[in-house]
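**Student:** Spelled out, the chains give:
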Amino acid sequence: MSAPGIGAGRRRDGDGGARGDGGGSPGALHRIGDGLANVTVREPGRFFALCLDTGRAMFQWPFQWREFVQQAWFIVSVTVVPTMLVAIPFGGVLSLQVGGLIRQLGAQSYTGATAVVAIVREASPLVTSLLVAGAAGSAMCADIGSRKIREEIDAMEVLGINPLHRLVVPRMLACAFVALFLNGLVSVVGLVGGYFFNVMLQDGTPGAYLASFNAIAQLPDLVQAEVKAFVFGITAGLVAAYKGLNAKGGPKGVGDAVNQTVVITFMLLFVENFLISTLYFQLVPSKGM
Amino acid sequence: MGVEIRVEGLTKSFGRQTIWRDVSLTLPAGEISVLLGPSGTGKSVFLKSLVGLLKPDRGHIWIGDRDLPRLRESKLYETRKLFGVLFQDGALFGSMNLYDNIAFPLREHTRKSESEVRRIVLGKMEMVGLLGAEKKLPGEISGGMKKRAGLARALVLDPEILLVDEPDSGLDPVRTAYLNQLIVDLNAQIDATFLIVTHDINTARTVPDNIGLLFRRELVMFGPREMLLSSEEPVVRQFLNARRVGPIGMSEEKDVSELEAEAKMGHDPGKLPPIPPQLMASDGRIRPAQHVPGAWCAAHGVTPPPGSFIDDMGRDWVEEWPRYVASMAPAAAGTTGGPGHVPGGPPPGGPAAGAGR
Ligand SMILES: Nc1ncnc2c1ncn2[C@@H]1O[C@H](COP(=O)(O)OP(=O)(O)OP(=O)(O)O)[C@@H](O)[C@H]1O
Ligand SMILES: [Mg+2]
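Protein chains in written order, with our numbering: chain A, 1 to 289; chain B, 290 to 646.
Bear in mind the hints are in silico, worked out from the structure with no lab data behind them.
Please note: incorrect hints may appear among the correct ones.
Restraint-style ranges between C-beta atoms, simulated for each label pair [said to hold, decoys possible]:
id	chain 1	residue 1	chain 2	residue 2	range
1	B	V591	A	R31	16 to 22 Å
2	A	G27	B	S363	39 to 45 Å
3	B	R400	A	R31	30 to 36 Å
Within a straight-line C-alpha distance of at most 27 Å, the following computed DSS-like cross-link-like pairs (lysine-lysine) qualify [claimed, not checked]:
id	chain 1	residue 1	chain 2	residue 2
4	B	K344	A	K248
5	B	K344	B	K364
6	B	K370	B	K413
7	B	K413	B	K401
8	B	K413	B	K425
9	B	K344	A	K252
This one's a predicted model, so the numbers in the text were calculated from it and none came from an experiment.
We treat Cβ as the ideally placed atom computed from N, Cα and C, and that holds for glycine.
Could you build all of it, start to finish, from the sequences and the hints given here?
**Tutor:** See below:
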């Protein structure tokens, strides 16, 4: 007679009447306000707190070398091939575009120089950042996020181990370390690609390419690119860790976290790239010709 | 020796959803307590608050003279070493095999040699019946095995406080009976303070010294097993007897009209079932924290339901107890023998045999 199913159905009616505040505009406003506060204050605040805690955990002894090496190797394995495959056409396209433009302006002999500016200063940190965020960051976030929802992170804390020290620090540093190398790799591959395109397809002369290269390229170009890559790696690692550690709601939550990691990391990296480039132009004078 | 945990006025909410408020209870040192409550009432949240994984909005958790929610991080990690925790899903490290999982706390926190680690780990694995599965990865074993492996890992550092989230969900009845026995035996051995969250009524009725019940965002009652099992409070009574009649409905609580309809139809909550004897350690030993059968009822003038404390062999444990104590501790009591003394260990098939499933 009084089957629980029927009772449950009836209960919902009574419940709705009793609460009676559903769908009012104050509620909706409240929610919008809440969301706004979340995006502008709470989330950045918590992210910053995580950055500080991670910074502190970085100097905790002993450093997790094993985890670092494993993670670095893992990141290398997922990024090197895609990086090369992106870098070759990227260098080629830049050479073609810039080369074409420069020929119209009648300054053929400077194609090598423009290639170096374009590739070493800007393109290679960007390509690196795309791959670090897209391949390494997403994999890291998925890894940490699934540990979070399986309660492994909680278990670790209960066992008296700081997951920031154990998991996040080695991953973040591995990310930065690999980004440095990737950046070098992209520069080299991009320049070689550009050279081939210029010399083979655009009838440039090898001598002119190398000479102009020498005229404009300077060591700080490479240094700033490496600084960028390092900062990008750290950022990607921190965002991935933050999103992963805050994943909730089962496997779907991990999926969402990965998605947000990639989007947020991209945005942050482009902003950082802009800032560092601007600073660079302020601080380092261009080489005179 | 276990540690007492004193919880005072604990309140926790997520956003605007209050999980429970004003929870106050004391887990006596060395005793086994069980926390019950319908699904989703925040039992797991309570356990996580007890180890400081979740920060309560208000209230205190006293462990000795340390107030857990207000500890500095380094102190918190320090205090957590007192705890062994089994999470609801085992929470094994997915990248390590079972052996490494269980050895993990030993390798992190002790300087034991690898052979010593091996001895301890294999000992714990045998205890939970997992010998032979050392090389398996957590992804390759059943839910029940994960639970048992998680328990072994929680035990490996000989914790002072053991928190267990639903040890029996996903276990078959036989394994559940073994696990209940294991819990009691463990308590007799390591004398830690236990808190077990369970949905298994048989476990709740026979294993613990104390029972607590969370319902409607509050701790309805917490106290000695006999107090709750003889309670007439409708929620407690409905839950401990797994009935449909009572204030708990399919979705947390019933509304007034439903309760009235129930009353009109003359649904009688019925007589209380007898209180079963408590599960004893399998070697017949009396746990240091064990309550004397019937003592609470006698002290509070409560007549236990007829048939209480009688085991499968028809022995009444209220009468049997003094004789049993005398037989178990001849050295401590100073007198060997006396009327009714059974020489040479526990009486055949002590109450353990009757109280298990
Ligand atoms: N991290 C969290 N953030 C927000 N809400 C949460 C969180 N953890 C738990 N909750 C909510 O708290 C409530 C209680 O959850 P909890 O897991 O403690 O229930 P439970 O009593 O253990 O249930 P069960 O018996 O099914 O395991 C649920 O409504 C859940 O949605
Ligand atoms: Mg739970």
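**Student:** Do B/V591 and A/R31 keep their Cβ atoms within the hinted range of 16 to 22 Å?
**Tutor:** Check failed, 51 Å falls outside 16 to 22 Å.
**Student:** Would you check the hint for B/K344 and B/K364, treating anything up to 27 Å between C-alpha atoms as holding?
**Tutor:** At roughly 15 Å apart (the allowed maximum being 27 Å), B/K364 and B/K344 satisfy the hint.
**Student:** Quick check on a hinted range of 39 to 45 Å for A/G27 and B/S363, using CB atoms only.
**Tutor:** holds, 42 Å
**Student:** Below or equal to 27 Å on CA atoms is what counts here, so check B/K370 against B/K413.
**Tutor:** holds, 18 Å
**Student:** Between B/R400 and A/R31, does the beta-carbon spacing fit 30 to 36 Å?
**Tutor:** violated, 54 Å
**Student:** Quickly compare the C-alpha distance for B/K413 and B/K401 to 27 Å and report which way the hint goes.
**Tutor:** holds, 16 Å
**Student:** With the threshold set at 27 Å, check whether the alpha-carbon distance from B/K413 to B/K425 stays at or below it.
**Tutor:** Since the Cα atoms of B/K413 and B/K425 sit roughly 16 Å apart, the hinted pair holds (cutoff 27 Å).
**Student:** Would you check the hint for B/K344 and A/K248, treating anything up to 27 Å between C-alpha atoms as holding?
**Tutor:** holds, 17 Å
**Student:** Measure nothing beyond the straight line between the CA atoms of B/K344 and A/K252; if it is 27 Å or shorter, mark the hint as holding.
**Tutor:** The given pair, whose Cα atoms are some 25 Å apart, holds under the 27 Å limit.
Violated hints, listed in ascending order, are 1 and 3; each of the other numbered hints is respected by the structure.
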